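*Asks:* Residues per chain, in single letters:
Number of protein chains: 2
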Amino acid sequence: MLKKIEITYRVKCYHGEDVKRLVRKIALEQTVEVPDELAAIRGIGETIIGKTESITPTNKENIYLAVISYNPEITAYQLPQFLNVLYGNISLLNGIKIIDIKLPECFVEKFRGPNYGINGIRKLLGVYGRPLLSTALKPMGLSHSELAEIAYNFALGGGDLVKDDHGLVDRSFDKFKERISLCTKAVMRANAETGKNTIYFPNICAPADMLESCVSFAAGEGIRGILISPFLVGIDSVRYLSEKFNMIFMTHPALTGTHFHDINHGIAIDVLLGTIFRLAGADISIYPNTGGRFGFTSDDCKKLNDALRQPLYNIKPSFPAPAGGMSYERITDMATLYGIDTVYLIGGALHLYNKSLRKGTADFLNKIREVFPEEKTTTPDLSSNLTHSSCNTYANTQGELPCHIPFSNFSWQGRTPKIYKPLEHQDFKDIIRHELTGRYGEETKFDLRYFEIAEKGYSSLEKHHHEHVIICVRGFGQLICGTEKITLSPLDVAYVPPMQVHQLINESAEPFGFFCIVDHIRDKPQKP
Amino acid sequence: MLKKIEITYRVKCYHGEDVKRLVRKIALEQTVEVPDELAAIRGIGETIIGKTESITPTNKENIYLAVISYNPEITAYQLPQFLNVLYGNISLLNGIKIIDIKLPECFVEKFRGPNYGINGIRKLLGVYGRPLLSTALKPMGLSHSELAEIAYNFALGGGDLVKDDHGLVDRSFDKFKERISLCTKAVMRANAETGKNTIYFPNICAPADMLESCVSFAAGEGIRGILISPFLVGIDSVRYLSEKFNMIFMTHPALTGTHFHDINHGIAIDVLLGTIFRLAGADISIYPNTGGRFGFTSDDCKKLNDALRQPLYNIKPSFPAPAGGMSYERITDMATLYGIDTVYLIGGALHLYNKSLRKGTADFLNKIREVFPEEKTTTPDLSSNLTHSSCNTYANTQGELPCHIPFSNFSWQGRTPKIYKPLEHQDFKDIIRHELTGRYGEETKFDLRYFEIAEKGYSSLEKHHHEHVIICVRGFGQLICGTEKITLSPLDVAYVPPMQVHQLINESAEPFGFFCIVDHIRDKPQKP
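Chain order of the listed sequences is A and B. If you want this note's numbering, it's the 1-based position in the first sequence plus 149. If you want this note's numbering, it's the 1-based position in the second sequence plus 149.
What the hints contain is simulated information worked out from the structure, not anything from laboratory work. Since this is a predicted model, take the numbers as computed values, not measurements. Heads up, a few of these hints could be off.
Since copy identity is lost for identical chains, a pair holds within one copy or between any two.
Each computed PhoX-like pair below joins lysine-lysine, with the alpha-carbon atoms no more than 20 angstroms apart [unchecked claim]: (1) K324 <-> K259; (2) K451 <-> K251; (3) K673 <-> K594; (4) K465 <-> K259; (5) K251 <-> K393; (6) K393 <-> K594; (7) K393 <-> K465; (8) K200 <-> K153.
Next comes chain A alone, as it looks inside the complex:
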């Protein structure tokens, strides 16, 4: 069983450099960044430094294939550092290309990969047995309603997936919202007419601090997928968003091309747009099709398709989406070359065919059906819940928030007491909660609540990563905090550290009331 990360480099020896020395230099550069002598002085050995596994000559002079294995621990099992170990410093050298990686399960299992993958997307669409047909909303410069009209016609023509052009970016969040609302409504309208389930993918290309709110808005609109360019927004941002939002992630290769144009430099297309993007959560990976305006070979494309579809431990297979250079006439060839589990991303050819996008789409789809007569369809699966994690959010009151929340007799104006937790928990007794701030449209990073426990009542015995800050304001009570039992008197403050088991108890005959402040975003309590 593979325990280490194995990287295959194609290396070129310049000026008669010794290949063994060169390969050792790579292993040092990508780990300790010091020469062997210094590593030896410091006692750093093979658990840290990469190990040369093999060096094989090729049929080209001075060019070798070298395999170095690395301890996965040095990647911290995180994508940014993984990319660094893979190609960080050596990207600055000449004549080194990554042409293959083999990943051990202990590394891969730290990633979730695609949320849907090939089967999940087919299930949502209800389409089996044929490649999927996709197009882009463009050109940039059209009005929102013109873009929506394109989406509508493509969906009416029976197309499966419609994405924004990856250059559709809005300066303001409001414009973004307007654009994607119009486009998704247009697609929903078409779906209502056709009974199909065409999926719309808005482009998410935004400043780092707005990415999450853009995706969150899209999810809130009922949108099931997004288009994202890992090299524009940061590849680990894609991984994070994919883990947070249970949507279909279609990735775009913008800015990745510096890796591919030189056979002696960069990371091979199947490794980067295949394995790595898949680890980061790509359900569908767009790439420049052979025969189009970019110069990739059919061998490049087939390898990439394999990297996306082949078994990879817990990671679902993804759809390859060759784009560009597609015509009605090429569908048969493409089918032979790429097989069923492919997304055909077709732009101009579809828009211009028969001068009607709707008819063009229908014609292309018919052609696909001719080549793949075994198409089966089912009712699209719309049942799965697509939004991110759960929070007990109370309805936000929009508009002006009142400054003053007056107190009277342990109640606050405008703040109705709530039940402490859903009743099925049954591990608490006679306790109520008042949500004072944080749930009414404030932007604070914390919530202020007031809890009151009646005589002999208690809260759940639990633990969680988020911390509590407690201020006793009514009566007396007990805080169990790990092995401590503390009596709280009015205006005592208490702090519950992360993962400390705790409980609040009222052993007195009078009400015990306390404020409790917590992070607004927090984890779910666990049983001790």
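Fit chain B to the known structure of chain A by using the hints.
*Replies:* Same frame as chain A, but now just chain B:
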């Protein structure tokens, strides 16, 4: 006055392709992504599509310099889309290199650039008139205390800036905290001995969702700068963190090298590691030095130095930091080549010189002083508040945090009352603060404070983006909140919205005390 973004491409015509056609194809590819015919049908013109400004032959056959101008609006004034317009799709083509960009003020002014720049860093160090000396903590695999020992010896030797190796990445946040706490304490200890102000830069390379907490923790430790690799964590994440945290950002070029190895492909080093990284907030940009183990020319390096230092509207000049290939003997040459405003980043040479890092550092520094005899130093400027926004951070108590902070007579055990604000503000009267939680090693997103205003006292009249949640617990007082004046009685809660002018006043003859909860990371108050 320049109104558009002007990009100079070096283009190569393959197979006798017409250069005008090729340049037009670039302009279309980077904007509308459709052929001219389709753009014309859709009525998209020059406000969207790039415009060919000039095409000049070079002395190489089939190679031209072409300038295309773009409307800055199409970048949305955001880095991800700017990178896309610059080189997104054409990265996937061959024979196109970006060799220069000219940016209009209306674009640049949307970015803040470096927080400190050359002058700000010199002021913090109190070092003028000579290049700065820097080293890296490595190799990966050393224990935290061994790394701290290196930092200590470098600082004792008089070095200016010490950074983590960019491969020092921790799998757990706890280990990260331990490492950077140890290293920063080591440097502080050395500073106490030398009277200097060596600055430590921990490496921030973490998953997208942990970047902010890592930087926030570093800021909370009193650390003034960080090392970050824009191509590993995402360039706009760097811009965002730099805007959020008023720290010195040192950037590392990991994974950027695919842009530089081919004169006919990529984005030139001075554009990428110079102008673009500076826009993203690089105070110091590390690059592979000429003569080192990477193959850059002295011309590359000089152009990059210029891009970092030259005037760019509102953007501060940044330090170039040539790294690699540096020896004691080369200092004089480097000085001639690069000038005063340079950071010499020296690894192995310093560690191995005279077999003592401390002595090696002192020797190198003496050599620099020989070449730059005009060195002036001043007392380091430690007054500026370095943490994220306005927080007055108190020393963190390490180790176990007590659960219970008992109250007695409006004091809390272990919590000494502090002055409300530095006295020079003089816009408040008779008010004290108690920091109850959030400043003692907790990880909460909020701080709990208790303020008490004596008879006729008041707080500053001010506004800020962060919100206040207030709970009155002693006496009575007035809250001015915009045009409202509210009387607060015990256990009344009040909320001050973002940017609302506010003040707390005690018009009574008894003390007025209240808890105030705020976000842990917050902006500085402004005068109304």
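*Asks:* Look at each hint and say if it fits the structure.
*Replies:* Quick rundown of the hints versus the structure:
{"no.": "1", "hint": "K324 <-> K259", "in the structure": "between (37 angstroms within a copy, 19 angstroms between copies)"}
{"no.": "2", "hint": "K451 <-> K251", "in the structure": "within (18 angstroms within a copy, 40 angstroms between copies)"}
{"no.": "3", "hint": "K673 <-> K594", "in the structure": "both (17 angstroms within a copy, 17 angstroms between copies)"}
{"no.": "4", "hint": "K465 <-> K259", "in the structure": "within (14 angstroms within a copy, 41 angstroms between copies)"}
{"no.": "5", "hint": "K251 <-> K393", "in the structure": "neither (27 angstroms within a copy, 39 angstroms between copies)"}
{"no.": "6", "hint": "K393 <-> K594", "in the structure": "both (15 angstroms within a copy, 15 angstroms between copies)"}
{"no.": "7", "hint": "K393 <-> K465", "in the structure": "within (17 angstroms within a copy, 37 angstroms between copies)"}
{"no.": "8", "hint": "K200 <-> K153", "in the structure": "within (10 angstroms within a copy, 51 angstroms between copies)"}
Consistency note: the structure conflicts with earlier hint 5 alone.
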